[in-house]
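Colleague: Single-letter residue listing:
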Amino acid sequence: AQTVTQSQPEMSVQEAETVTLSCTYDTSESDYYLFWYKQPPSRQMILVIRQEAYKQQNATENRFSVNFQKAAKSFSLKISDSQLGDAAMYFCAYYGTNAGKSTFGDGTTLTVKP
Amino acid sequence: EPEVTQTPSHQVTQMGQEVILRCVPISNHLYFYWYRQILGQKVEFLVSFYNNEISEKSEIFDDQFSVERPDGSNFTLKIRSTKLEDSAMYFCASSEALRTFYEQYFGPGTRLTVT
Numbered sequence: 001a002q003t004v005t006q007s008q009p010e011m012s013v014q015e016a017e018t019v020t021l022s023c024t025y026d027t028s029e030s031d032y033y034l035f036w037y038k039q040p041p042s043r044q045m046i047l048v049i050r051q052e053a054y055k056q057q058n059a060t061e062n063r064f065s066v067n068f069q070k071a072a073k074s075f076s077l078k079i080s081d082s083q084l085g086d087a088a089m090y091f092c093a094y095y096g097t098n099a100g101k102s103t104f105g106d107g108t109t110l111t112v113k114p
Numbered sequence: 001e002p003e004v005t006q007t008p009s010h011q012v013t014q015m016g017q018e019v020i021l022r023c024v025p026i027s028n029h030l031y032f033y034w035y036r037q038i039l040g041q042k043v044e045f046l047v048s049f050y051n052n053e054i055s056e057k058s059e060i061f062d063d064q065f066s067v068e069r070p071d072g073s074n075f076t077l078k079i080r081s082t083k084l085e086d087s088a089m090y091f092c093a094s095s096e097a098l099r100t101f102y103e104q105y106f107g108p109g110t111r112l113t114v115t
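Going down the list, the sequences are from chains A and B. Per this note's numbering, numbering of the first sequence is gapless, rising by one per residue and ending at 114. Per this note's numbering, numbering of the second sequence is gapless, rising by one per residue and ending at 115.
Bound-form chain A, shown alone:
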């Protein structure tokens, strides 16, 4: 079974600084997708960034980028120029095309200090 591990329950960053959230996963599949979701206090799940496993190039979306290390099964999220609105719970998720479902990590609560 696939597992997703987020080893940092809480992280904090100063406004305008950079922070990296860690995620590792375990799978035997070769075809899968990885996601980072943001969950603000409203508890809505907002997709931040997506990475296809077959792509070697790391995905980027404005201030958000990932460091995808396929061999190490690592998928970290870097948030640059942190803003107060980035404060939320962040979930790493794995979707395997054979399993047909998403598996989520425990989440990391990010605090942004003004």
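Errors might be hidden in some of the hints.
Listed next, the stretches of chain A that the computed footprint assigns to chain B, with coverage defined by at least 3 CB atoms under 8 Å from CB atoms of chain B [stated by the list, open to error]: (1) 32-44; (2) 57-70; (3) 104-111.
Mimicking BS3-like on lysine-lysine, the simulated pairs with C-alpha atoms at most 25 Å apart in a straight line are [stated by the list, open to error]: (4) A:K55 x A:K70; (5) A:K78 x A:K113; (6) A:K55 x A:K73; (7) A:K55 x A:K78; (8) A:K78 x B:K42; (9) B:K57 x B:K83; (10) B:K42 x A:K70; (11) A:K73 x B:K42; (12) B:K78 x B:K57.
With beta-carbon atoms standing in for the labels, derived distance ranges [unchecked claim]: (13) A:T18 x B:N51: 42 to 48 Å; (14) B:R80 x A:T97: 44 to 50 Å; (15) A:D81 x B:E103: 23 to 29 Å; (16) B:E18 x A:E61: 40 to 46 Å; (17) B:M15 x A:E17: 43 to 49 Å; (18) B:G16 x A:E17: 46 to 52 Å; (19) B:P2 x A:S74: 30 to 36 Å.
Derived by calculation from the structure, the hints in this document are not laboratory data. Keep in mind it's a predicted model, so treat the numbers as computed, not measured. Glycine included, each C-beta is placed from N, C-alpha and C at the ideal position.
With chain A's structure known, arrange chain B on it following the hints.
Modeller: Chain B in isolation, oriented as in the chain A frame:
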């Protein structure tokens, strides 16, 4: 931009009552999902649905749960006799495909409170 919608946003029910949570997936999507998130915990997969039948279900999805696509647009989750531990946020999701350009779109969630 198309989006998944869910109703109601918050449902309060008494233990033992039946509840139906409703979702309207994105119109051209073929795969539908329900996930659950107990407060303070991770998001857990409940069930996936394709071509009018369950594709996969987790151990959480026992006989108390059922899903249905009663018409061309709605996708429902029914809990027959709610328990206190069913209190959670329930997310519906849909995707266009499974293996090509996969992206799972989540709805805003329904907060279920069982008293």
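Colleague: Each of the hints needs a verdict: does it hold here or not?
Modeller: Outcome of the hint check:
Check on the region 32-44 of chain A: 6 of its residues sit with their Cβ under 8 Å from a Cβ of chain B, so the three-residue criterion for coverage holds. Only residues whose beta carbon comes within less than 8 Å of a beta carbon in chain B count, and the region 57-70 of chain A has 0; fewer than three means the coverage is violated. For the region 104-111 of chain A, the stated coverage by chain B is satisfied: 4 residues place a CB nearer than 8 Å to a CB of that chain, which reaches the threshold of 3. The hinted pair formed by K55 (chain A) and K70 (chain A) meets the criterion: a straight-line CA distance of about 10 Å does not exceed 25 Å.
This hinted pair checks out: K78 (chain A) and K113 (chain A) have alpha carbons roughly 17 Å apart, not beyond 25 Å. With a CA separation close to 14 Å, the supplied pair K55 (chain A) and K73 (chain A) stays within the 25 Å bound. Using a Cα cut-off of 25 Å, the hinted pair K55 (chain A) and K78 (chain A) holds, with the two alpha carbons roughly 18 Å apart. A C-alpha spacing of about 21 Å is found between K78 (chain A) and K42 (chain B), which places the hinted pair at or below 25 Å, so the restraint holds.
For the proposed pair K57 (chain B) and K83 (chain B), the alpha carbon gap of about 19 Å is at most 25 Å, so the pair holds. Simply put, K42 (chain B) and K70 (chain A) have alpha-carbon atoms about 24 Å apart, close enough for the 25 Å limit, and the pair holds. Annotation: proposed proximity of K73 (chain A) to K42 (chain B) holds, straight-line Cα distance about 20 Å (limit 25 Å). Of the pairs offered as hints, the one joining K78 (chain B) and K57 (chain B) holds, with about 14 Å between alpha carbons and a cut-off of 25 Å not exceeded.
At roughly 45 Å, the beta carbons of T18 (chain A) and N51 (chain B) sit within the given window of 42 to 48 Å. The supplied range of 44 to 50 Å is broken by R80 (chain B) and T97 (chain A), whose beta-carbon atoms lie about 32 Å from each other. Range check, D81 (chain A) to E103 (chain B): Cβ separation about 26 Å, and the 23 to 29 Å hint holds. For the pair E18 (chain B) and E61 (chain A), the beta carbons lie near 41 Å from each other, so the given range of 40 to 46 Å is met.
Between M15 (chain B) and E17 (chain A), the C-beta spacing of about 47 Å keeps the proposed range 43 to 49 Å intact. Between G16 (chain B) and E17 (chain A) the C-beta distance comes to about 51 Å, which sits within the given range of 46 to 52 Å. With their beta carbons about 33 Å apart, P2 (chain B) and S74 (chain A) fall inside the hinted range of 30 to 36 Å.
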